[in-house]
Amino acid sequence: MSVRKKRLILLAGVAFGALAGLAAYTQQSKPLDPFEEAMRQRQMYLETFGVLPGDLFVEEGKELFYRKGPSGKTLEECDFGKGKGVLEGAYALLPKYFPDTGRVEDLETRVYTCMQRVQGFKPEEIKRDEVRAITTYIASFSSKAKIQVVPKHPQELAMYNLGRELWYTRAGARDMSCAVCHDQHAGQRVRLSPVRSPRQGLGNEWPAYRFEEDKLYTMEDRIDFCYESIAIPKPEFYSDVHIALTLYMLAEATKAGHSFEELPFFTR
Amino acid sequence: MRKVLVALFALALALAFALAQRYLTEEELKRIQAGGKAYAEVFVNQRPDQALCSIHRNRLPADLLPKFLEEQRALIKYPASGKLMGDWRKGGAIFNNLQKANCFSCHYGSPEHLGGDVGPSLEKYGRNRGQSEAVQRYTYEVIYNAWAFFPCTVMYRFGAQGLLTPEEIADVVAYLLDPESDFNTKPAVGSR
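Heads up: the sequence lines are chains A and B, in that order.
So the first sequence is numbered by full-length UniProt numbering: it starts at 1 and just counts up by one.
So the second sequence is numbered by full-length UniProt numbering: it starts at 1 and just counts up by one.
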């Protein structure tokens, strides 16, 4: 049975359980700790199915990683920052500057550019879901790794500065910025969700499977979700906007000595 | 020499004007274009008051406050009917809608949804405050333009930014103040 099919069957079964759990969860009058609730759900998935949904994305990503592109090459020929085909701990160093593209890239963008430059795919042939799965597979090699994003190259520093400015810019009909919630109200709750600052490790759990949405979210997906909730149109995938914000957040998390969660993480 | 000075002065003035209008530099705005047209436009069209809050990291220096507050106050408009309390049922639908006013995400007190704690608790708002003209006016104005009271706060400027009409804001005021409103008669989700 293909990974995709297995995933479908599992997710169908799991969706029912999640719904039942969620119904009980939101009907509760006392605020539950969302982290504890996620861990409870995670345990339920493991006991019922023996596998976590995120791991199925990892499996799918692995298949795609070793798939030959039009050039006849697999992604083993791509340098993700620690040399060709080295995946161990690579995600924990990203985003960083890559001399071959002359650009600062996060993991998702790196997958996207390598699929073109190394594997010979045309941009329009590259499916977002495939990049998502491959990113999850590679990120799984940095599970619980210490985040080590330290901008040094002039382009990395420029990207950090752009990310910081975007972080503080108030814009749109709702007058929002990242900072006005994630810095000024860090530690408080928006509905059930605790708000964290980069210094508190914000960003250390992606890619993650969100059981409420029954979807896998990468860092870029999660940034888009934030923009959606403050009514600002989503930036294009693999654009400097995503990379700059990711670099800024993870560089701040690095300064505070944070590590990644188990990747892919399991969350609300 | 004088011409040069005048030109320099004009340049400095133009620069100061540009800086006052926007928080991001031209160079940064150019890079943001990569995020797409719709995204970039939001930042290109940043309002001067938004820029001011961004520059000062949401803490305006004291000398800027009187002018800022005055400008924000001038943005407040009232319903044509002059009534600041509308229909509490309609107001509840607005208060408790994530896509509409989204009040409960930050404020505690809704009998329909568990509220957040980013903003102050509004539990039994009307029961504690009564319905005097002063209370109605204050409540209406804070919802219409929170920046006229709390400069650069995270709360949306519902009226000033056109997110709600004056009549809709009056409905929300009623939801909070009317003694008959579910907000004052039913227990808040999460209360014991």
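Certain hints may be false.
What the hints assert, rightly or not - Calculated pairs, BS3-like style, for lysine-lysine (alpha carbon to alpha carbon, straight line, at most 27 Å):
| id | chain 1 | residue 1 | chain 2 | residue 2 |
| --- | --- | --- | --- | --- |
| 1 | B | Lys-124 | A | Lys-215 |
| 2 | B | Lys-100 | A | Lys-234 |
| 3 | B | Lys-30 | A | Lys-152 |
| 4 | B | Lys-30 | A | Lys-234 |
| 5 | A | Lys-82 | A | Lys-144 |
| 6 | A | Lys-122 | A | Lys-68 |
| 7 | B | Lys-77 | B | Lys-67 |
| 8 | B | Lys-30 | A | Lys-122 |
| 9 | B | Lys-124 | B | Lys-30 |
| 10 | B | Lys-37 | A | Lys-234 |
| 11 | B | Lys-100 | B | Lys-83 |
| 12 | A | Lys-127 | B | Lys-37 |
| 13 | A | Lys-122 | B | Lys-37 |
| 14 | A | Lys-146 | A | Lys-73 |
| 15 | A | Lys-215 | A | Lys-255 |
Said to hold, decoys possible - Examples of chain B residues toward chain A, derived with CB under 10 Å:
| id | residue |
| --- | --- |
| 16 | Ala-40 |
| 17 | Ile-94 |
| 18 | Gly-115 |
| 19 | Thr-165 |
Honestly, the hints are just simulated from the structure, not real lab data.
For glycine and all other residues, C-beta sits at the position ideal for the given N, C-alpha and C.
Outcome of the hint check:
Note on B:Lys-124 and A:Lys-215: the hinted pairing is violated, with a Cα-Cα distance of about 38 Å set against a maximum of 27 Å. Restraint check for B:Lys-100 and A:Lys-234: the C-alpha separation of about 19 Å stays at or below 27 Å, so the hint holds. Under the criterion of a C-alpha separation no larger than 27 Å, the hint pairing B:Lys-30 with A:Lys-152 is consistent with the structure, at around 23 Å. The suggested pairing of B:Lys-30 with A:Lys-234 holds, with an alpha-carbon distance near 17 Å, which does not exceed 27 Å.
Taking the CA atoms of A:Lys-82 and A:Lys-144, the gap is near 18 Å; set against the 27 Å cutoff, the hint holds. Note on A:Lys-122 and A:Lys-68: the hinted pairing holds, with a Cα-Cα distance of about 14 Å set against a maximum of 27 Å. Taking the CA atoms of B:Lys-77 and B:Lys-67, the gap is about 18 Å. The hint holds against a cut of 27 Å. Of the pairs offered as hints, the one joining B:Lys-30 and A:Lys-122 holds, with about 26 Å between alpha carbons and a cut-off of 27 Å not exceeded.
Taking the CA atoms of B:Lys-124 and B:Lys-30, the gap is about 49 Å. The hint is violated against a cut of 27 Å. Note on B:Lys-37 and A:Lys-234: the hinted pairing holds, with a Cα-Cα distance of about 10 Å set against a maximum of 27 Å. Annotation: proposed proximity of B:Lys-100 to B:Lys-83 holds, straight-line Cα distance about 22 Å (limit 27 Å). Proximity of A:Lys-127 to B:Lys-37 is assessed by CA-CA distance (about 22 Å); at most 27 Å being required, the pair is judged to hold.
Proximity of A:Lys-122 to B:Lys-37 is assessed by CA-CA distance (about 23 Å); at most 27 Å being required, the pair is judged to hold. A C-alpha spacing of about 31 Å is found between A:Lys-146 and A:Lys-73, which places the hinted pair above 27 Å, so the restraint is violated. Of the pairs offered as hints, the one joining A:Lys-215 and A:Lys-255 is violated, with about 30 Å between alpha carbons and a cut-off of 27 Å exceeded. Nearest Cβ of chain A to the Cβ of B:Ala-40: about 8 Å, under the 10 Å cut. The hint holds.
For B:Ile-94, the interface hint is violated, since its Cβ never comes within 10 Å of a Cβ in chain A; the closest pair sits about 15 Å apart. A distance limit of 10 Å between C-beta atoms decides the matter here; for B:Gly-115 the minimum to chain A is near 8 Å, and the interface restraint holds. Because the smallest distance between the Cβ of B:Thr-165 and any Cβ of chain A comes to about 14 Å, over 10 Å, the interface hint for this residue is violated.
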